[in-house]
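Participant: Below are the chains, spelled out letter by letter.
Number of protein chains: 2
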Amino acid sequence: MYIYSENIYTPKGFQDGYLKIENGIIEGIYSEVDSDAEVLDYSQNIILPGFIDIHLHGWATGSFTHGGDVESLRNMSKDLVKSGVTSYLATTGTDSLDFIKFQLSEAKKAMDSWEPSLGAEIIGIHLEGPFINKEYKGMQKEEHVLNPSIDILKSFMEIAGKDNIRLLTMAPELPGSEEFIKFANKENIQISVGHTAAEFEDIERLKDLGLGGFTHTYSGMRGFHHRRLGVVGAAMYFEDMYCEFAKQTGQTVKPEAFAIMYRLKGPDKIILTTDCVGLAHVSHEFYHYIRKQTFIPDGDYVKIINDDGTEELIDKKDYEKVKDLELSYIDSVKNVVKTVKASISDVVKMTAENPAKYIGLYDRKGSIEEGKDGDIIVVDDDWNLVDVFVKGVKQDIN
Amino acid sequence: MYIYSENIYTPKGFQDGYLKIENGIIEGIYSEVDSDAEVLDYSQNIILPGFIDIHLHGWATGSFTHGGDVESLRNMSKDLVKSGVTSYLATTGTDSLDFIKFQLSEAKKAMDSWEPSLGAEIIGIHLEGPFINKEYKGMQKEEHVLNPSIDILKSFMEIAGKDNIRLLTMAPELPGSEEFIKFANKENIQISVGHTAAEFEDIERLKDLGLGGFTHTYSGMRGFHHRRLGVVGAAMYFEDMYCEFAKQTGQTVKPEAFAIMYRLKGPDKIILTTDCVGLAHVSHEFYHYIRKQTFIPDGDYVKIINDDGTEELIDKKDYEKVKDLELSYIDSVKNVVKTVKASISDVVKMTAENPAKYIGLYDRKGSIEEGKDGDIIVVDDDWNLVDVFVKGVKQDIN
Numbered sequence: 031m032y033i034y035s036e037n038i039y040t041p042k043g044f045q046d047g048y049l050k051i052e053n054g055i056i057e058g059i060y061s062e063v064d065s066d067a068e069v070l071d072y073s074q075n076i077i078l079p080g081f082i083d084i085h086l087h088g089w090a091t092g093s094f095t096h097g098g099d100v101e102s103l104r105n106m107s108k109d110l111v112k113s114g115v116t117s118y119l120a121t122t123g124t125d126s127l128d129f130i131k132f133q134l135s136e137a138k139k140a141m142d143s144w145e146p147s148l149g150a151e152i153i154g155i156h157l158e159g160p161f162i163n164k165e166y167k168g169m170q171k172e173e174h175v176l177n178p179s180i181d182i183l184k185s186f187m188e189i190a191g192k193d194n195i196r197l198l199t200m201a202p203e204l205p206g207s208e209e210f211i212k213f214a215n216k217e218n219i220q221i222s223v224g225h226t227a228a229e230f231e232d233i234e235r236l237k238d239l240g241l242g243g244f245t246h247t248y249s250g251m252r253g254f255h256h257r258r259l260g261v262v263g264a265a266m267y268f269e270d271m272y273c274e275f276a277k278q279t280g281q282t283v284k285p286e287a288f289a290i291m292y293r294l295k296g297p298d299k300i301i302l303t304t305d306c307v308g309l310a311h312v313s314h315e316f317y318h319y320i321r322k323q324t325f326i327p328d329g330d331y332v333k334i335i336n337d338d339g340t341e342e343l344i345d346k347k348d349y350e351k352v353k354d355l356e357l358s359y360i361d362s363v364k365n366v367v368k369t370v371k372a373s374i375s376d377v378v379k380m381t382a383e384n385p386a387k388y389i390g391l392y393d394r395k396g397s398i399e400e401g402k403d404g405d406i407i408v409v410d411d412d413w414n415l416v417d418v419f420v421k422g423v424k425q426d427i428n
Numbered sequence: 031m032y033i034y035s036e037n038i039y040t041p042k043g044f045q046d047g048y049l050k051i052e053n054g055i056i057e058g059i060y061s062e063v064d065s066d067a068e069v070l071d072y073s074q075n076i077i078l079p080g081f082i083d084i085h086l087h088g089w090a091t092g093s094f095t096h097g098g099d100v101e102s103l104r105n106m107s108k109d110l111v112k113s114g115v116t117s118y119l120a121t122t123g124t125d126s127l128d129f130i131k132f133q134l135s136e137a138k139k140a141m142d143s144w145e146p147s148l149g150a151e152i153i154g155i156h157l158e159g160p161f162i163n164k165e166y167k168g169m170q171k172e173e174h175v176l177n178p179s180i181d182i183l184k185s186f187m188e189i190a191g192k193d194n195i196r197l198l199t200m201a202p203e204l205p206g207s208e209e210f211i212k213f214a215n216k217e218n219i220q221i222s223v224g225h226t227a228a229e230f231e232d233i234e235r236l237k238d239l240g241l242g243g244f245t246h247t248y249s250g251m252r253g254f255h256h257r258r259l260g261v262v263g264a265a266m267y268f269e270d271m272y273c274e275f276a277k278q279t280g281q282t283v284k285p286e287a288f289a290i291m292y293r294l295k296g297p298d299k300i301i302l303t304t305d306c307v308g309l310a311h312v313s314h315e316f317y318h319y320i321r322k323q324t325f326i327p328d329g330d331y332v333k334i335i336n337d338d339g340t341e342e343l344i345d346k347k348d349y350e351k352v353k354d355l356e357l358s359y360i361d362s363v364k365n366v367v368k369t370v371k372a373s374i375s376d377v378v379k380m381t382a383e384n385p386a387k388y389i390g391l392y393d394r395k396g397s398i399e400e401g402k403d404g405d406i407i408v409v410d411d412d413w414n415l416v417d418v419f420v421k422g423v424k425q426d427i428n
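Chains as they are written, first to last, in the numbering used here: chain D, 31 to 428; chain H, 31 to 428.
Only chain D is shown next, with the shape it has when bound in the complex (with noise of 0.2 angstroms):
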């Protein structure tokens, strides 16, 4: 199969020509194809590799967090190759062992089962959690925060199965982290500082043992002060080490202060994710203090309720109604691109190259290369979502 256009985003630069995908994989660029070859036609488009979502406990019709059933990663999967996404990490909680468990002996079923046809690929899992700051816990539950245990992250990854826990974030203050991070740096499980109490020194101290960045970088950390520069002033120093950015809705992180990281960092240290969680599958009441709104679930309904009073009841199974109760990828990126003015160049960066190399999996995904996934979306000069193919596989956007 044959995608053509003349704007073909490679690692080289811009390329025109006919994309080749045979079994899922990019085979090549070739200048011109047989008369009879099966070619899609995108000549006013372009071309780029999709996006990969490192954080993200659910989105629209599925939620991990609230479900934690293969079930729920399915609806995931389908849903969010509307968005653009391709691949994500399927992101857990500080939930009890026994539910995180849950989780991971599901997340692994779905992986394992997991087939082009259903929808954006699991390519791994990451821990948010449990091994985090209560004082920064965030919308993380309390009662399941953990002082790190490299016992408990060895009877995670029996679960999960070798090599699939891809990330971790956690709070590198707590007792016991420098081993923990020498073991999960020795088992290529990349680790992200989040939900954190820590000091500047304190990132200082132990980055090299292995911290690769920042997860939801500004929220859950102890902010910047010119004296005491906390974890976001390590976060704007340290210009070796990543910055994730959950949906830039402009409710948790104003325009201008993710501009300013983003004029410290350059697009090369910064990783565009979601975190979204599914909003609509809420298992019990919650309250979400940035947004201000209540969420009930009501069978397959949700009831949400406003501060201001106001109310309304949603089909927690119907994608257009929930598909935006929470900022998608591509609406996040369309953001970004307004606020810093990102060139595609960058967008790819941000959104597929960065995060691939971030969680070691480059040499499969994150650019348009000879050799790697065909997971494909084609875009409009407005990033309006023109079509997707996971591992060649176009997919249902609609």
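Everything labelled a hint here was simulated from the structure, so no lab data went into it.
Keep in mind that the hints are not guaranteed to be accurate.
The list cannot tell twin chains apart, which means a pair is met if one copy fits it or any two copies do.
[Stated by the list, open to error] Lysine-lysine pairs mimicking DSSO-like chemistry, simulated, CA-CA at most 30 angstroms apart:
#1 364 to 237
#2 237 to 424
#3 368 to 295
#4 347 to 131
#5 368 to 237
#6 295 to 371
#7 237 to 139
#8 131 to 50
#9 295 to 333
#10 212 to 347
Take the given structure of chain D and dock chain H to it, following the hints.
Facilitator: Okay, now just chain H, sitting in the frame of chain D:
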């Protein structure tokens, strides 16, 4: 008179030649001179424009803040050249209107009677207050804080002499600021934001009326948060505004915090000052909460009591004794060079070009160019001062 060097720094880059200064004015750089010409040979050294300190209340044996008279400025001028400062703004604080008016009248006398043999030139006045916010007063006197008043500013201008007030630090969120800023702008008085509880949005709204930059950036202003960016966020974000930094001791602003702002603004928008006060000359017992020392006047001496109980007695007229009470301009430059690996060109921007441009004196000061004042410093490769010239007059720097 000619100054010879292979490294004369000009806006066009380094030049090798004979720098001619006649009647205090730079005439040009020549490749050869008559054999009987008076030549000072600095073959091994670097020739730069002298440092311009636009925020300085006192230094070594003089304190404009504590004495406020012509003699205090004469002592400052004499001692400042020893740290490479060839011109400065005599800076008032938030004091009683009577005392400020006394200072302005004395500053005018000192300016009118100044000559190059007396040391650093007083090139105008910086009013730090009294139009500041009590909430961020720092070491300013709360009882003398006032709302912005055009009438008071007019009375100051009348005493100080036309065009002598060059810079004013204020809190732009105070009532009446808008008209006040417009008036100052029309009168060519540069406005810096400082000692202020303003929000990011206040700076955004008012900057184009005439807010040029920030006084002792980070200190005395609302800090940064990613949902409430404050004045620090505005300093980080608005690329056209200058950031003044007081002496870089590392005590008030951590080197990494300076480095973060340096990366954001670049050397083109940073101005180095000292904000020294002449600590030996306190007129009443004074506790310095950053240094954790109490200063007590005692006739010709000052007694310094450290928080740990140790104390020392210092002759306040003895330059060698008092010069180490505060970090000098050139020692602050050395710290900046170390912190951000600043080049010579970067340092010249931050110490001479930018301050001269900021206060509207770049036609006379701030660079080595034909027609400008012969304010010259000679340094070695390690930023040690070798010689200093003010309007072509060689100074006693030992």
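Participant: Next step is simple, just say for each hint if it's right about the structure.
Facilitator: Hint check results:
1. 364 to 237: between (32 angstroms within a copy, 28 angstroms between copies)
2. 237 to 424: neither (41 angstroms within a copy, 51 angstroms between copies)
3. 368 to 295: both (18 angstroms within a copy, 21 angstroms between copies)
4. 347 to 131: within (26 angstroms within a copy, 74 angstroms between copies)
5. 368 to 237: between (32 angstroms within a copy, 23 angstroms between copies)
6. 295 to 371: both (15 angstroms within a copy, 18 angstroms between copies)
7. 237 to 139: Intra 34 angstroms, inter 58 angstroms, cutoff 30 angstroms: neither.
8. 131 to 50: For residue 131 and residue 50, the Cα distance exceeds 30 angstroms both inside one copy (40 angstroms) and across copies (80 angstroms).
9. 295 to 333: neither (40 angstroms within a copy, 48 angstroms between copies)
10. 212 to 347: neither (43 angstroms within a copy, 58 angstroms between copies)
Hint compliance for this structure: hints 2, 7, 8, 9 and 10 are broken, all remaining hints hold.
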